[in-house]
Amino acid sequence: MITQHFPALIVVLPLMVSFIVFVVGIFRVRWCLPLVLTTLGLCVYFSVDMLYRVITEGSPIHYRLGGWEPPWGIEYVVDYLNGFVLVGISVISFFAGMYLKESIRDEALKSKMPQFYTLFLLQVTGLLGITVTGDVFNLYVLLEIASFSAYAIIAMGSRGADFAAFRYMIFGTMGACAYLLGVGYLYIATGSLNMGDLSMLLPKLYSSKTIIVGFVFLLSGIGIKMGMFPVHTWLPDSYSLAPPGVSVLLAPLFTKVGAYVLIRVMFTIFHPSFSTDIYPVTDTLSFIASIGVLFASVLALAQRDVRRMLCYLIVAEMGYIVFGVASANHYGLIGAIFHIVNDMFMMASLFIVAGVVFNETGTSDMDGFKGLHRKMPVTSFVLLIGAFSIVGVPPTCGFFSKWYLVLGMIEAGRYFSLTVLLISSLINAVLFFRLIEITYFEVKEEGAYKIGEKNTPFSFDNLSLYSLIPMVFYASMVILLGILSGTIVEHIIIYALPQAFKG
Amino acid sequence: MMMDFILAKFNYWVYVVLIMIGFYGMMTKKNLMKKLIGMNIFQWSIILFYISIGSKKNATLPIIMDIHSHAPSAADYINPLPHVLMLTAIVVGVATTGIALTLLVLIYKRYGTIEEDEVIEALKK
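If you're matching them up, the sequences are chains H and D in order.
Numbering of the first sequence is given in the working numbering, commencing with residue 1 and proceeding in unit increments.
Numbering of the second sequence is given in the working numbering, commencing with residue 1 and proceeding in unit increments.
Hints should not be assumed to be uniformly reliable.
As the list claims (entries may be wrong) - Rough simulated footprint, nothing fancy, chain H against chain D, three-plus residues with beta-carbon under 8 Å:
(1) 58-64
(2) 88-95
(3) 103-109
Derived by calculation from the structure, the hints in this document are not laboratory data.
The beta carbon of each residue, even a glycine, is placed where N, CA and C say it ideally should be.
Build out the structure end to end from the sequences listed, making use of the hints.
In structure tokens, the structure reads:
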């Protein structure tokens, strides 16, 4: 019945509602939020249901748009890998949608709420679509939908955001064009755009120069979109200047979806042996990522602005995921896939804390966190959990994915990258303990806060439930993913690995 | 010898030259409008590339004009798929240009210039 259309509905529904919400917003702004939350709630339901079906039936769900057979028509596929990522994306976007209204304090922007929701839903459409599609050209279109809404929504941020959005657009378009060129080269050689079909046609052509050029273009396109070093330069500016509620959605998800596409291209479309044995792709990636992680960690240490610091941490975290992908073995890839979802929740909890503090104190400088725990104990605690997870303290989820990454890197014999990862974790520890010290042990002079003006019935930290629920939820997910890590790895991630790494 | 090599695949050479011009414009020009023009050249060159991979000499349109007549074999058709893909890519390109121009108008209104250096100067204040 309707359940068989879930793979298409999860993309079509937010797309349709994004336009409806705009029209509704003209007449009744109050109805926008329930509409958006219902849509995103349905997306959560669709994705959980699909993952559940994949696990119980043990086989991927194939959906043919318009009933056209795969190599000709567009096919949507949900398997263990993207089913898992889809749940992460839809859950995060549901709670980010809840927080969005609360995060916008500027009166001029408040009147533009329907436009915010439209762009927000388009963004979610793009991200979910990139994950669910099984067609390389369809992926490009959805990537551009996600990017366009990102450019527009970032430009609504604080001073300088418009210029950051323009620079992001120059880079982003270059990335998308490189990806498109790569698709073109694969198309010349195979005449197919379907991922499953490509994976069967390509192995005979691996010695062809067209294929290697196409592969390099694909990788560089994805690299720009996921903010991989050295093409990450757009990332810190645009995510730190975006409206706080928007960066809760953008910063954790967009880059991680890029990492998902990287895994798809390297290990599904191409056989893993292409990037390990035939060409030294993984060695190169691992080397670049090592430099990137060091660079980003050191730069993160130099930042006074908390949101900007988190942006550099994202670049480092992307490096970790690339480490896992580049070790190209059982444990490394478990670590990479698990880290994609863990990092979504870690970053979401940290960005929402940064957003809440930015709204309450008017600054995202570290000084804004001074003595925060007295006024906002819940927020400080969420910060603590997120920080522990980034550093890698058990039982938070960051520890477990890093553990698998380390195992994978030892097995692959990449000791240089391993050292870099440990150094970077150490830098993260220094960085966050500084922030935690400021939050918990430094006292700010009285009257320096704007907090305490409003009195809501349920007032923890004087925040409304719309910011409190997402924050607490993200933090509890960080711990829950850590505690359940064994079950998740055993029942989902093991099956998400490509055939070559299952052993 | 070299000339034949270039002439035999001149459509690909044109695409390579155009993409390099676009890349140069995006990377080196300080005027944001010029950057945008570079970006457009970059995008359109890829469209040219796709269209040229679909076309064929002495081939006809992939449309059956008269169902009663004997249809030509598939080898006589040009490949319509890359052209269809490029319809989507053109829409994407137009949307990019639209957003970019909007951003440029915003930047010009706020900082009174679209020179990159001057915008950065204005932001530092």
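- Under a C-beta cut-off of less than 8 Å, do 3 or more residues of the stretch 58-64 of chain D approach chain H closely enough to confirm the stated coverage? With 0 residues close enough to chain H, the hint is violated.
- Item | Verdict on chain H covering the stretch 88-95 of chain D, criterion of 3 CB contacts below 8 Å | holds (count 4)
- Are there three or more residues in the stretch 103-109 of chain D whose C-beta lies within less than 8 Å of some C-beta in chain H? Answer holds; 4 residues pass the 8 Å Cβ test.
Going down the numbered hints, you'll see the structure goes against just number 1.
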